[in-house]
Amino acid sequence: MTNILKSIKLDHDIMKSRYPIFMIGYVVGILFAVLSKTPILATSIVMVMAAPLAGQYFSIYEKNNLEKLYGVLPLRKSEIVIGRYLYALCIVVGNGVVATIVAYIISFLTRSGMGGLETLNFLSIAFLYFCLTIAVIFPLYFKFPFSKVYVLSNLPFYLIFIITLGVARKTNALKQTSSSFQYLSSNLTIAAIALGLGIVLLAISCLLSSALTEGNRTAPLPAKESGRRLFFADNLRTWMVILVVLQHLAEIYNTLYLFMMLNSAYFMGLLFLLSGYFTPGSFERRGPGAFVKDRLLRLGVPTLIYVFILSPIARIGTHGFVINTTASLFALGPMWFAVMLLVFDLGYLAWRTVVKNRPERSIPENHTMLTFPRVALFTLALAAVSYLFRIAVPYGIPVLEFPSLGYLPQYLTFFLIGMLALRQDWLRTVSGSLGKIGFVLAVLATVILFPAAVFIGKGSPWIGHGTWQSAVFALWDSVFAVGMSLALVTFFRRYVNGGKKFGRFLSHHSFTVYVIHAPILVFLALALRGLQIQLLLKFCLTALVYLPFSFGIAWIIRKIPYVNKIL
Amino acid sequence: MNNTVLEINELCKDYPDFSLRNVSFSLPMGSIMGFVGQNGAGKTTTIRLILNMINRESGEIKIFGLDNVQDEQKIKQDIAVVFDDTYFVENWKVSEVEKALKGFYNNWSSTLFTQYVKSFHLSANKKVKELSKGMKMKLMLAVAMSHEARLLILDEPTSGLDPVARDELLEILGNYIADGQKSILFSTHITSDLEKIAHYITLIDHGSIFYSGTKDDLLESFCIVRGGPHDLIDSLKEKIIGLTTNIAGFAGLLPTSEMKHLAPEVVTEKPSIDEILVSISKGGRNYD
Numbered sequence: 001m002t003n004i005l006k007s008i009k010l011d012h013d014i015m016k017s018r019y020p021i022f023m024i025g026y027v028v029g030i031l032f033a034v035l036s037k038t039p040i041l042a043t044s045i046v047m048v049m050a051a052p053l054a055g056q057y058f059s060i061y062e063k064n065n066l067e068k069l070y071g072v073l074p075l076r077k078s079e080i081v082i083g084r085y086l087y088a089l090c091i092v093v094g095n096g097v098v099a100t101i102v103a104y105i106i107s108f109l110t111r112s113g114m115g116g117l118e119t120l121n122f123l124s125i126a127f128l129y130f131c132l133t134i135a136v137i138f139p140l141y142f143k144f145p146f147s148k149v150y151v152l153s154n155l156p157f158y159l160i161f162i163i164t165l166g167v168a169r170k171t172n173a174l175k176q177t178s179s180s181f182q183y184l185s186s187n188l189t190i191a192a193i194a195l196g197l198g199i200v201l202l203a204i205s206c207l208l209s210s211a212l213t214e215g216n217r218t219a220p221l222p223a224k225e226s227g228r229r230l231f232f233a234d235n236l237r238t239w240m241v242i243l244v245v246l247q248h249l250a251e252i253y254n255t256l257y258l259f260m261m262l263n264s265a266y267f268m269g270l271l272f273l274l275s276g277y278f279t280p281g282s283f284e285r286r287g288p289g290a291f292v293k294d295r296l297l298r299l300g301v302p303t304l305i306y307v308f309i310l311s312p313i314a315r316i317g318t319h320g321f322v323i324n325t326t327a328s329l330f331a332l333g334p335m336w337f338a339v340m341l342l343v344f345d346l347g348y349l350a351w352r353t354v355v356k357n358r359p360e361r362s363i364p365e366n367h368t369m370l371t372f373p374r375v376a377l378f379t380l381a382l383a384a385v386s387y388l389f390r391i392a393v394p395y396g397i398p399v400l401e402f403p404s405l406g407y408l409p410q411y412l413t414f415f416l417i418g419m420l421a422l423r424q425d426w427l428r429t430v431s432g433s434l435g436k437i438g439f440v441l442a443v444l445a446t447v448i449l450f451p452a453a454v455f456i457g458k459g460s461p462w463i464g465h466g467t468w469q470s471a472v473f474a475l476w477d478s479v480f481a482v483g484m485s486l487a488l489v490t491f492f493r494r495y496v497n498g499g500k501k502f503g504r505f506l507s508h509h510s511f512t513v514y515v516i517h518a519p520i521l522v523f524l525a526l527a528l529r530g531l532q533i534q535l536l537l538k539f540c541l542t543a544l545v546y547l548p549f550s551f552g553i554a555w556i557i558r559k560i561p562y563v564n565k566i567l
Numbered sequence: 568m569n570n571t572v573l574e575i576n577e578l579c580k581d582y583p584d585f586s587l588r589n590v591s592f593s594l595p596m597g598s599i600m601g602f603v604g605q606n607g608a609g610k611t612t613t614i615r616l617i618l619n620m621i622n623r624e625s626g627e628i629k630i631f632g633l634d635n636v637q638d639e640q641k642i643k644q645d646i647a648v649v650f651d652d653t654y655f656v657e658n659w660k661v662s663e664v665e666k667a668l669k670g671f672y673n674n675w676s677s678t679l680f681t682q683y684v685k686s687f688h689l690s691a692n693k694k695v696k697e698l699s700k701g702m703k704m705k706l707m708l709a710v711a712m713s714h715e716a717r718l719l720i721l722d723e724p725t726s727g728l729d730p731v732a733r734d735e736l737l738e739i740l741g742n743y744i745a746d747g748q749k750s751i752l753f754s755t756h757i758t759s760d761l762e763k764i765a766h767y768i769t770l771i772d773h774g775s776i777f778y779s780g781t782k783d784d785l786l787e788s789f790c791i792v793r794g795g796p797h798d799l800i801d802s803l804k805e806k807i808i809g810l811t812t813n814i815a816g817f818a819g820l821l822p823t824s825e826m827k828h829l830a831p832e833v834v835t836e837k838p839s840i841d842e843i844l845v846s847i848s849k850g851g852r853n854y855d
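Residue numbers (the working numbering), protein chains in the order written: chain D, 1 to 567; chain U, 568 to 855.
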C-alpha cells in the first residue's frame with residue numbers, strides 16, 4: 001500500500017463519523033426527484049451537496065488538532081494533499097454510484113423515464129460542479145483555518161446551484177438553448193468535456209494546495225484563545241440588529257409572515273441575553289453611580305431623542321401633518337427595548353445594593369457546564385411561565401407601547417441567563433454539539449408544534465387566554481428561542497469570531513442603526529413607492545440599499561461631537 | 568555506530584515577535600534529556616522544527632544521523648511524539664486509533680499495543696473524548712511505544728496532570744529506555760519531574776540555549792547565593808544571574824567558578840532546576 005493510499009484510508013477513518021450527514025443530500029435529492037419527476041436530479045443533488053460535506057474533513061481536522069497527527073506520521077506533505085483530493089474524488093464517485101441506483105429505483109417506482117444520455121449529461125455536469133467547488137474550497141481550507149472561511153467559501157456555490165436550478169426549471173435550459181448545445185448534449189461531448197475539465201480543475205487546485213501547505217509551514221503558531229475578547233458576541237449582536245431592521249422592513253411591506261414570527265420568537269430575547277452578559281462587567285468597571293449615569297445616557301437619552309424627534313419625523317413621513325393625537329406623534333417605537341433594558345439594569349443595580357455591592361464572583365475553576373438536561377428544564381419552565389403570563393397578556397397585543405409584552409418572561413429570563421452565562425463562562429464553554437441539538441430541536445418544534453398551535457382552531461386561540469393552543473405555542477417559541485440562541489452562539493463562536501476592522505465598525509454602529517432605522521426605513525419605502533415589482537423582490541432590493549445606507553448614516557451621526565458618548 | 572540520536576546545530580527560526588537563535592544541542596542514545604524553559608521560550612518551536620512541521624531559517628537537524636528534511640519519512644518511522652493534548656479524532660474509540668495508525672509504521676506491533684492498553688487500564692471501546700487527560704496521555708504513549716520508536720519526544724505531557732499520573736508517566740518512561748537503545752526528549756516547565764529521571768538538561772530562554780549538558784553538571788555548575796544588603800558588592804552584582812534584592816538582603820544564581828571570590832558571610836546552596844530556570848528567566852535584571 002503506497003503512502004497516498006494510506007493517506008486516503010486515514011481520511012476515510014477521520015471522516016467516517018460524519019458520513020451520516022450525507023443522508024441530507026439523499027433526502028433533499030429524493031424529494032426534488034419525486035416532485036420534479038426527474039429521477040436523475042437525485043444523483044445530481046447528492047453529488048453537488050457532497051462537495052461542501054467533503055469539506056467537513058477540515059472541520060474535524062481543526063477541532064481535533066490533526067495538524068499534530070500529520071506532523072508525527074511518516075507522510076510527505078504532498079502525499080497528504082494528493083490523498084485528500086483523491087479521497088474527495090472517492091466520495092463523489094461513491095455517492096454518485098449509490099445515488100444513481102436510488103435514481104433508478106425512483107424512476108421504477110414513479111414510472112418516469114431515465115434516458116442513458118440524459119443520465120450521463122446530468123452526472124457529468126454534477127461532477128464538474130463538484131470538482132469546481134472542491135477546486136476552490138480546498139486550497140482555502142489548506143491555507144486558512146476552516147472556521148474562518150467555511151461560510152464565505154460555500155455561499156457562492158449554494159447560490160449558483162439554487163439560481164441554476166430555478167433557471168433550468170423555468171426554461172428547461174438543457175433542451176431550449178442553442179442548437180449547438182443540443183448537438184453537444186445529444187452525444188458524449190458534454191460528458192467528456194465536463195469530466196475532463198473537472199479532473200483538470202482538481203489537478204490545478206491540488207498543485208495550488210501543495211504550494212499553500214508549504215507556505216503555511218512558515219506561519220507563526222496560533223495565539224492562545226483564552227482571555228481573548230468575545231468578538232463573536234459583538235458580531236452576534238450586530239446580526240440581531242440587522243434582523244430587527246429586516247423585521248420592520250417586512251412589516252412595512254406586509255410580507256414574509258413566517259420570517260417575522262420566527263424572528264420575534266427569539267431575536268429580542270437573544271439581544272437581552274447579550275445585554276445581560278455585558279451588564280455586570282459594566283457595573284464592575286464603573287461603580288454604581290457611574291453605571292446609572294451611563295445607562296441613562298446610553299439608553300435614556302436615545303429613547304428621548306427617538307420619541308421627541310425621530311418618531312414625529314417618521315409619523316409625518318407616513319401620515320403627513322394629519323395626526324390625530326400627540327400619542328401617535330410621540331411614539332416609543334423600537335426604543336421599547338432600550339426602556340425595558342433600562343428597567344432591567346436598574347433592577348440589577350437594586351439587587352447589587354441589596355447584597356451590599358458584593359463584587360461579582362469571578363469565573364470559578366470548575367464552573368457549572370451547560371448540559372442538555374439543564375437546558376431542557378429551563379425551556380420547559382420558560383414555556384410554562386410564558387403560557388401562564390399570556391393568560392393575562394396575550395401574544396402580539398401591545399401594552400403601554402410595548403409591542404411584544406407577551407414575551408416578557410423570555411426577555412427577563414434571557415437577561416438573567418446572560419448574567420449567569422458571564423459568571424459560568426457559558427459563551428466560551430457551551431459545546432458545539434449542544435448548539436447543533438438546539439438547532440435540530442428548533443427546526444423540529446417549528447415543523448411539529450408551530451403548525452399544531454397556529455393552524456388548529458378558529459381565530460387565533462394560540463395567542464393566549466389559557467387555551468391548549470397557547471400552551472403548544474408557548475412550548476414552541478420557548479424551544480425555538482433556546483434552540484436558536486444555542487445554535488447561533490456556537491455558530492458565531494466558531495465561524496464569525498473575527499475582530500477585523502469591518503466587524504468592529506458594524507458592531508460600533510449597530511445601536512445607532514437600531515435607534516435611527518425606523519424613520520429612514522419609512523422614507524426609503526416612500527422613495528421606492530413607485531417601483532412596481534414583486535413585494536419579495538422589493539423587500540430584498542430595499543434591504544440591500546438600506547443596510548449599507550443606514551450604517552453610513554450611523555457613521556456620520558457618530559462623527560458629531562459628543563454623540564459617540566451616547567450612541 | 569554513531570551514539571547520538573538527535574543533533575541540532577545552529578538552528579534559527581524567525582517569527583515577527585519571536586526568534587529561535589542558533590540553537591544547538593545533542594541527545595545521546597539511551598538517555599533522557601529534559602528540555603526546559605518558561606512558556607514561550609521556544610521549546611515547542613524547536614520540537615516542530617525537529618518534526619519538520621515548520622520551515623527553518625538556517626541550521627541543521629540530524630536524527631539517527633539522517634537529515635530531518637531529506638529523510639523525513641524514514642526518520643518518522645522511528646520517532647514518536649506525545650503532546651500536551653491528544654491529537655486523535657475525539658470520536659475514535661481506543662481500538663480505532665490503532666486501526667487508523669498501524670498501517671503507517673513498519674514496526675507496529677498490535678500485540679504490544681494491546682499489552683499497553685491493558686496495562687494502562689484503557690478500555691478499547693471507550694472513545695477518545697471520554698478519556699481523562701491522564702488517560703489521553705497514556706493512549707498517546709501506547710501509540711508511541713507500539714511501533715518501537717527509538718526517539719520519543721514529549722512536549723509538555725505533564726501539564727494539567729495530577730501528581731499520581733505524573734509519577735506513573737515517569738515510571739513508564741524509565742522502563743521504556745531500560746534497553747539502552749531508546750532516547751527521550753522531554754520538554755516541560757515542571758522541572759521536578761526531570762530531577763527524578765533526566766540524565767541531560769537543555770535550558771532554553773528567549774529562543775537561545777542557556778545550558779545543555781548533564782543534569783549533574785548543571786546542578787554543580789551553579790549555586791544559589793544569599794546574603795545581607797552589605798554583602799552585595801558591585802563585582803558580585805554583575806556576576807549574579809536573576810538577582811533579587813529586598814531590605815533583608817539579596818539572593819540569586821551564581822556560577823560555581825565564581826564562588827571563591829565570595830565573602831564568608833554569603834551563604835551558598837545547591838540549586839534545583841526550578842531555581843535555575845527562574846533565575847535565568849529573570850536574567851541580569853534586579854528585581855526589588
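Just so you know, the hints here were simulated from the structure itself, not pulled from any lab data. Check each hint, because a few of them may be wrong.
Which stretches of chain U does chain D cover? Using the computed rule of at least three CB atoms under 8 Å from a CB of chain D, they are [to be verified]:
id	region
1	645–659
2	662–672
3	793–805
Remember, it's a predicted structure, so these values are computed and weren't measured experimentally. Beta carbons: idealized from backbone N, C-alpha and C, even for Gly.
Going through the hints against the structure:
no., hint, verdict
1, 645–659, "holds (count 12)"
2, 662–672, "holds (count 7)"
3, 793–805, "violated (count 0)"
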